[in-house]
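The lines below spell out each chain.
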Amino acid sequence: MISSHLPVLQVVLPLIAAPLCLLLRRSSLLWILSFAASLAAMIIAWLLLQQAGSSGVISYTIGGWAAPWGIEYRIDTLNAYVLLIVTSISTVVLLAAKKSIEQEIPQQHWPMFYSSYLLCLTGLLGITATGDAFNVFVFLEISSLSSYALISLGRDRRALTASYQYLVMGTIGATFILIGIGLLYMLTGTLNMHDLAQRLPAVAQSKTLLSAFAFLFVGISLKLALFPLHLWLPNAYTYSPSIVSAFLAGTATKVAVYVLLRFIFTVFGADYAFSVLPLTEILMLLAVAAIMFASISAIYQSNIKRLFAYSSVAQLGYIILGIGFLSVSGLTATLLHLFNHALMKAALFMALACVLYRQGDVMFSNVKGLGKTMPWTFMAIVLGGLSLVGVPLTVGFISKWYLVVAAIEQGHFVLVAIILFGSLLALVYVWRLVEQGYFHNSEEDHPRQEAPLSLLIPTWMLVLANIYLGIDTSLTIGAAEQAAQMLLGQAGGGSP
Amino acid sequence: MWDILVSYCSDALLITGSFLSLTFAIGLLRFPDFYTRMHAAGVSDTLCAGLIVLGLVLQAGISLVTLKLLFILLFLWFTSPTASFALARAAHRAGYRVSEQEEVASSNS
Amino acid sequence: MILAVTAIALLVAMALTLVRALLGPSIFDRILAVNTFGTKIVLFLGVYGFLTNRPDFLDIALVYALINFISTLAVLRFFESGQLVMPKDKESR
Amino acid sequence: MINIILLGFLAVVAIAVAMMRDLFAIVMLFGIYSLLTAGIFVSLDAVDVAFTEAAVGAGISTILILSTLALTSREEKQPTHSFLLPLLVVLVTGATLVYGTLDMPAFSDPEAPVHQHVAPHYLNQAEQETGVPNIVTAVLASYRSYDTMGEVTVIFTAGIAVLLLLSAFRHHEDEASNLNDLSHHPVLRYIARLMIPFILLFALYVQFHGDYGPGGGFQAGVIFAAGFILYGLVVGIDKTRQMFSESKLHWLMASGLLLYIGVGIVSLLLGGEFLNYNVFAADPLKGQHWGIFLVELGVGITVTATMISVFLAFSEVRRSE
Amino acid sequence: MSTFIDLYNYWIFIFLMMVGFYIVISQGNLVKKIIGLNIFQTAVFLLYISMGKVKGGTAPIIMAGDVSYSNPLPHVLILTAIVVGVATTALAMALIIRIRKAYGTIEEQDIHEQDASL
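Listed in order, the protein sequences are those of chains V, L, R, H and C. Going left to right, the first sequence walks through residues 16 to 511 as our numbering numbers them. Going left to right, the second sequence walks through residues 1034 to 1142 as our numbering numbers them. Going left to right, the third sequence walks through residues 54 to 146 as our numbering numbers them. Going left to right, the fourth sequence walks through residues 140 to 460 as our numbering numbers them. Going left to right, the fifth sequence walks through residues 684 to 801 as our numbering numbers them.
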């Protein structure tokens, strides 16, 4: 009986836990409850991925109202895959959260912190699971509002302005999305994505449809921090509490990429999206600009969190680049990098949480000699960095490999060069870290002072996942390829 | 017979109310200084609101609608004098005097 | 018919009030105009309900009146806190 | 026709907001803007929306922005940076939309696709299927009740976020709150106290009459909260706080949302889909009735509690740095 | 010509939307930005509601007799959106109060200067 309700439980379980957090007075219970909710969500996501893999699309009608009248949850391999990414990152991050929160956030705020965290998770899961266009907007706002609150909790006062800036840009993005959805509704009279997909070809010539597409694209790009709309991201990631940085870096932009994929491929259909606008060229241009500009910016940062935030913008460039190829290998690369980048960035930000825990800050001066004083933490940073560069035997290599293959397939040799050059730039900023950590000694002679195990173990879980999934690729590639084929299969029109 | 009388009364009230509200609105626009303008607005708010709402009450007859109308009237009658009182006091405190205001207004327009 | 005339009269009155709100010149004139405008729109909605034969929608006018009252009090409190009293209250226009 | 005039007013007000520098005047104008919008909603037959916009836009938003101004500053500086780029962005956006309008169905055309597919089902079937004559309520609380759950969650999230941001800055017990209350106006206090019971009664009416007329949990919650905000304004913030301690408000905020989710979970346990009210009673109509009643109640509780705690949080911020 | 009048409504919304959007991205005052954001959102709400209007229709509360009603679905969506809007406004205002406490100003430019001088 339970198994048929999994799609909705996926979202509702963390949602129930959120108000409960507010009622709990014991701080130890808070963490246990949040972790349990997240873990349960992860297990459900895993089960859903299995179900979707074996039986195709799972449809769940909420309230018992059939699809276009009521709201439908529609899970296929793509959703389930993204759900798994979000829940697993969230779970591992929560594992480390307890210690880090104790240090960074005053105790009176813990119930509300965990509550906001779970609400953010709920929002992200809701966006991913739903098959209703307006429902996307509602859950988008849940996740956005809670993430504004989470970011503002950073200790630096700049966290407040970062949060404000994100609030303004995020709301503009959400309003654009709202306009787009409204125009789609105006043309078809429906809000269900599947239903929209079937009704849109009839109005494909409409100028209104083109304008709807433009608004959705720009709105989602704002949420996705696609270059040049990324301005909110570096500040938001830099000044938020470490745990929040790790969580958001691993999940928020990934879900936005998912929404973009969903709208381009499922709702509009690749045929429409890529024929009405020179989408391939636009995506490739923006992606290349993101890779070059953000990687170079990253090199000049003195705050390591900010460095990795810029690197996130660059990595999002790779993810977007894959969409532009409009081929199975390109999309596979996109989806792989979605997972892999989530793993890398979560690992790196968690390692930075360890550094912050001991050093109090994450400037370059703080990592001097860290190879000696915090060897495990620093090793995690180095391995995560190598994965970012795309060194073989790490996950970063796999996704870059697919990307290069996709580029060669279509004869875009310039892009191949740019991808490799981007990796070189990544190597430069990772090398700067390595140099500071291993070849400089800190000014004061610190004794060896490793981060507490409760922080270190989750970090290393992610680092090891980076390596393990870089060697045994069957899990991720299998799901990614299946999802990519499904997306392109839909491009032909009609349902699979 | 009674019905016709009531409907005439209602019409008369509505017409008077709308005429007065127009007149006072012109007053609000044309009067020279803040205090006279406030007089126009304050009287218009209470008097016109009373007339128009009573006109509507006569149209509605006795029902839930009447009750709602009377509550609306109650709120309006509380709001407007409160606001006028507060405004006058604040303006006075801020140094606006009836004579002085004229100069300020004319120099501004 | 009479109702329509009343509605139009109220609309015109609203327009005139709006002009005062925009012209100022002092902040007090604006507040005054805004307040009157609120009253007018409540009356307008009441009349509009009768005009469209659905007087049960008076609920909305009632909410307006209530909200108008409360926000007037909020403004009043703002006054009392001394924030509004500024040396020379003139717009840059 | 009325619509066009009101729209004209709206455009004028919007331009005035853009031009003015005095934030206080801007907030007042913004209040007018909301009222006008609500008027247009009424003339476009969206009475429920007008209800909400009046209560929220003209009421809650204005009060919150005013409280913020009281704590910050009122005069806006002359912006010095270039306005060309923003203007360009805005023009491009506007042009995209104008381009989109060229193929739009004519305004209020009953043949437009919007009125063809899903909406007729609601208009023709909803009353039979849910027993609620107000179709907006039927769609809101039954067909798309999951969206409404999301809406309650949004309110809850915002409440938590505001508390998270402001609770550390509460003034101490002995310190006076940032704004004087109006308790030294005896007449005002008397009138307000007289009115509060009626306001609460009206809120109850809106809560439970939402099936038949405009209104529902959200609007009722705002009016309920407005009653207590009025109390706070004229009798004193501290007195209101005594009525609603922080933990009580937390409890209320959470319980409304939990009630809503609980309805969904119970329907799961009874063998239906999440939020399928038909399973609550042998007669589906009766089940729908119960379901809609309970979720609206949940909405009302959470909205009331959140609005009150947000208002209190804003009012209790201490002014000194 | 008839299309022009038919679309007049939409164009006013677009104009309002542009004004609101312009306030958001061009003004330096944090409070005013949020007011602009509200105007921007409200214009979108109007767009939705106006697409639900049916000529000669009335509010979608079923009455006796043969009446045509306006489309209820946009109303439902916008009810939700209004709530989201006020939630965002409340959060933004709380943030502004905190920013003012931390920086002593609510002008974007002054904040940038303070951050840059660190």
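Be a bit skeptical, because a hint or two may be false.
Stated by the list, open to error - Derived DSS-like pairs (lysine-lysine); straight-line CA-CA distance at most 30 Å:
(1) LYS216/H <-> LYS784/C
(2) LYS222/V <-> LYS784/C
(3) LYS738/C <-> LYS113/V
(4) LYS387/H <-> LYS784/C
Just so you know, these hints were derived from the structure itself, not from any lab. Since this is a predicted model, take the numbers as computed values, not measurements.
Inset, instruction - Sort out whether LYS784/C lies within 30 Å of LYS387/H, counting only the CA atoms. - result: Since the Cα atoms of LYS387/H and LYS784/C sit roughly 28 Å apart, the hinted pair holds (cutoff 30 Å).
Inset, instruction - Take the C-alpha atoms of LYS222/V and LYS784/C, compute the straight-line distance between them, and say whether it is at most 30 Å. - result: violated, 48 Å
Legend entry - Proposed proximity, LYS784/C with LYS216/H (alpha carbon, max 30 Å): Judged against 30 Å, a Cα distance of about 18 Å means the pair holds.
Inset, instruction - Take a quick look at whether LYS738/C and LYS113/V sit within 30 Å of each other, Cα to Cα. - result: Violated, because 59 Å separates the two Cα atoms, which is more than 30 Å.
Violated hints for the displayed structure, listed by number in ascending order: 2, 3.
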